[in-house]
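Undergrad: Fit chain B to the known structure of chain A by using the hints.
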Amino acid sequence: MNPDTLGRLRQALVELDSPKYDELLKEALSADMEPMKILDTLRSGMEEVGDRFERSEYFVSELVMAGELMKRALSVLKPHLKNVHRARGKIVLGTIIGDLHDIGKEIVKSLLVSAGFEVHDLGIDVPPEVFVQKTKETGAHIIGISALLSTSIANTAMVVESLKEAGIRDEVKVIVGGAAARPWMIEKYGLDAAVYDAVKGVEIIKMWAEEK
Amino acid sequence: MNWREQFLRLLEHEEPDVIPLDVWCSPAFRAKLESQFSPEELARFSPDQWLGVRSVAPGVPEEFARKGVVHEPFIHYGTGIWIDEDTMEDEWGIRRRLTATRTESRVVYSPLRDLDLDSLDDYHSPDPYATGRFSITKEDVKRYKEEGYWVVGNFGIDAFWCQSWFLRGFNQLTIDLFANSEFVEKLMSKLLEYYVGVGRKLAEFGVDQANIYDDIACQTGMIVSPRLWRRYIKPQYRILIEALQPRVKYIFFHSDGDLRPVIPDLIEIGVNILNPVQPDCMDPAELKKLYGDELTLWGGLSVQDTLPHGRVEDVKREVKRAIESCAARGGFVLGTSNNITQDTPTRNFLAVYEAAKEYGKYSLR
Chain A
1 MNPDTLGRLR QALVELDSPK YDELLKEALS ADMEPMKILD TLRSGMEEVG DRFERSEYFV
61 SELVMAGELM KRALSVLKPH LKNVHRARGK IVLGTIIGDL HDIGKEIVKS LLVSAGFEVH
121 DLGIDVPPEV FVQKTKETGA HIIGISALLS TSIANTAMVV ESLKEAGIRD EVKVIVGGAA
181 ARPWMIEKYG LDAAVYDAVK GVEIIKMWAE EK
Chain B
213 MNWREQFLRL LEHEEPDVIP LDVWCSPAFR AKLESQFSPE ELARFSPDQW LGVRSVAPGV
273 PEEFARKGVV HEPFIHYGTG IWIDEDTMED EWGIRRRLTA TRTESRVVYS PLRDLDLDSL
333 DDYHSPDPYA TGRFSITKED VKRYKEEGYW VVGNFGIDAF WCQSWFLRGF NQLTIDLFAN
393 SEFVEKLMSK LLEYYVGVGR KLAEFGVDQA NIYDDIACQT GMIVSPRLWR RYIKPQYRIL
453 IEALQPRVKY IFFHSDGDLR PVIPDLIEIG VNILNPVQPD CMDPAELKKL YGDELTLWGG
513 LSVQDTLPHG RVEDVKREVK RAIESCAARG GFVLGTSNNI TQDTPTRNFL AVYEAAKEYG
573 KYSLR
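Protein chains in written order, with our numbering: chain A, 1 to 212; chain B, 213 to 577.
Pulled out of the complex, with its shape left as it was, chain A reads as follows (with noise of 0.2 angstroms):
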């Protein structure tokens, strides 16, 4: 195998050149190469897409296809991966009751999944009992909420509420994102974060699992 193969599906997959990502990571595969060393270095190009994506130089459209060829390489080193890896953290996701803007959700999901994070989803409109109900079932230690509309963000109020009545607020922090989301939030509604902008939920997240 070239030895520089792993820097050029890096490079494919920070320049989207979706024919070549694959033939690469087909390559990187078939030349028997570690399955962690292979992750870790596409998440490292996803850094670097979320990067530009800070930048302004790249948009909506460079993240999903991102997380698109992402998600081809996982769904095949997934297998490989189960002895080896252990999660960074489990994070439940859901688009609260009210809402079902999902485009920013599956954004922070595939930074998330790419990140390597277990990610529990639970689609849109959820109902706060349902983020709890999760939330207790898989032993996740943060909740991401996304809500576009002004009213429905509102709503993220009733899952805090809902954690506190199952005793669980303490061991569970609380982001969410989306267009309308504003700091003053944080403290209204009883969050832990609020954001508009994925990558910057994402970093949050990050340094929440580090400091766990």
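Don't read these hints as lab results, they were simulated from the structure.
Cβ coordinates follow ideal geometry from the N, Cα and C atoms, glycine included.
Be aware that a few hints might be false.
Below, a sample of chain B positions facing chain A; criterion: calculated Cβ distance under 10 angstroms [unchecked claim]:
hint	residue
1	SER238
2	GLY264
3	GLU316
4	GLY433
5	HIS521
Below, simulated BS3-like cross-link-like pairs (lysine-lysine); rule was C-alpha separation at most 30 angstroms, straight line [what the hints assert, rightly or not]:
hint	chain 1	residue 1	chain 2	residue 2
6	A	LYS71	B	LYS398
7	B	LYS532	A	LYS188
8	A	LYS20	B	LYS398
9	B	LYS413	B	LYS398
Chain A regions said to be covered by chain B (calculated; three or more residues, Cβ under 8 angstroms) [claimed, not checked]:
hint	region
10	5-19
11	94-100
12	120-130
13	145-154
14	179-188
TA: Then chain B, alone, in the frame of chain A:
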């Protein structure tokens, strides 16, 4: 001066008497108003009092209507047939479902999701000339104009970017943009047939202005990257605008979000009205300074911050600021940046009208 004359002046960048006010309300907010005010009281906020526009838009043709078409206001472009109690299918085959709260909807089925380049040939966009597509006539438009209204033509659906991802699915269309250009081009040409057909009809009817709606941006920037937008979407707008002009002189383009990277492109292809100038992410004053000679700015009031969360004085201040920064030399229509949501206090809704009345007259400024 009647509304028509006001619009003709402001769109030619001359000062009219008053600044028109265009307030959009979500169906849920409208229902809230209806529960709080009598019809007589609500008439004070009628668009006829503040905007003076008549709209012309295509509807569903007879053949589709016979299938039992209904209109559901809580579904985005909600004219179609019910598939089950929450899900509606439109004429294009796109299915949208209501939320549990029945206040919003989303695409749950994209009919082109699994097609390849060849099988896409079998999909046909609706016929713009189908019998019953328009219930309006040239005479109606003529009458509106005689009555002093400004006549606006709509396409009945979002334009190329949104409609193509509704049809194909967001992620799949994104993959196509990067790795399947032939598919995207074929899809665009199918959409174009519909839009150009409707555009020609609107021009025939004699509308004054054509409105193109396409959410290509979010608050942090463009959704579809400017490079891909220029390659695949801009050429479609250009052809569509060429089909409309010169008969339809005024081209209104709507996108939420921060679309500053492509504003010069829009001007280049003939857009002369920009909506909604979302103040949460684009400074109306900056846009006026940069593009005030070429564009009429239409909008400027935040439905995300000021209206739902501000105090009455904040709302009034935002109205005043928008007018002060955008209304000089005409070229400005005051409006909300999108639908007012149901969590907005009614007093803030009223404050928009009070402030518009106070600050929106050129003679008094």
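Undergrad: Could you run down the list of hints and mark each one as holding or not?
TA: Hints and how they fare:
For B:SER238, the suggested interface contact is upheld, since its CB lies about 8 angstroms from the closest CB of chain A, less than 10 angstroms. Proximity of B:GLY264 to chain A is violated relative to the hint, the smallest CB-CB distance being about 29 angstroms (cut-off 10 angstroms). A hinted interface residue such as B:GLU316 counts as satisfied when its beta carbon comes closer than 10 angstroms to some beta carbon of chain A; here the least separation is about 6 angstroms, so the hint holds. Nearest Cβ of chain A to the Cβ of B:GLY433: about 6 angstroms, under the 10 angstroms cut. The hint holds.
Using the Cβ-Cβ criterion of 10 angstroms, the hint placing B:HIS521 at the interface with chain A is satisfied: the shortest such distance is roughly 7 angstroms. Between A:LYS71 and B:LYS398, the direct Cα distance comes to roughly 27 angstroms. Compliance with the 30 angstroms bound is thereby established for this hinted pair. Pair hint B:LYS532 plus A:LYS188 holds up; C-alpha atoms about 29 angstroms apart against a cutoff of 30 angstroms. Simply put, A:LYS20 and B:LYS398 have alpha-carbon atoms about 24 angstroms apart, close enough for the 30 angstroms limit, and the pair holds.
Straight-line distance between C-alpha atoms of B:LYS413 and B:LYS398 comes to about 23 angstroms, which keeps the hinted pair within the 30 angstroms bound. Coverage of the region 5-19 of chain A by chain B holds [criterion: at least 3 residues with CB-CB distance below 8 angstroms; count 3]. Residues of the region 94-100 of chain A lying with their CB closer than 8 angstroms to a CB of chain B number 4, which satisfies the three-residue condition for coverage. Check result for the region 120-130 of chain A against chain B: holds, 3 residues qualifying (beta carbon to beta carbon below 8 angstroms, three or more required).
For the region 145-154 of chain A, the assignment as covered by chain B holds, since 5 residues bring a beta-carbon within under 8 angstroms of that chain's beta-carbons and 3 suffice. Look at the region 179-188 of chain A against chain B: 3 of its residues bring a Cβ nearer than 8 angstroms to a Cβ of that chain, three or more, so the hint holds.
Hint 2 from the earlier list is the only one contradicted by this structure; the remaining hints agree with it.
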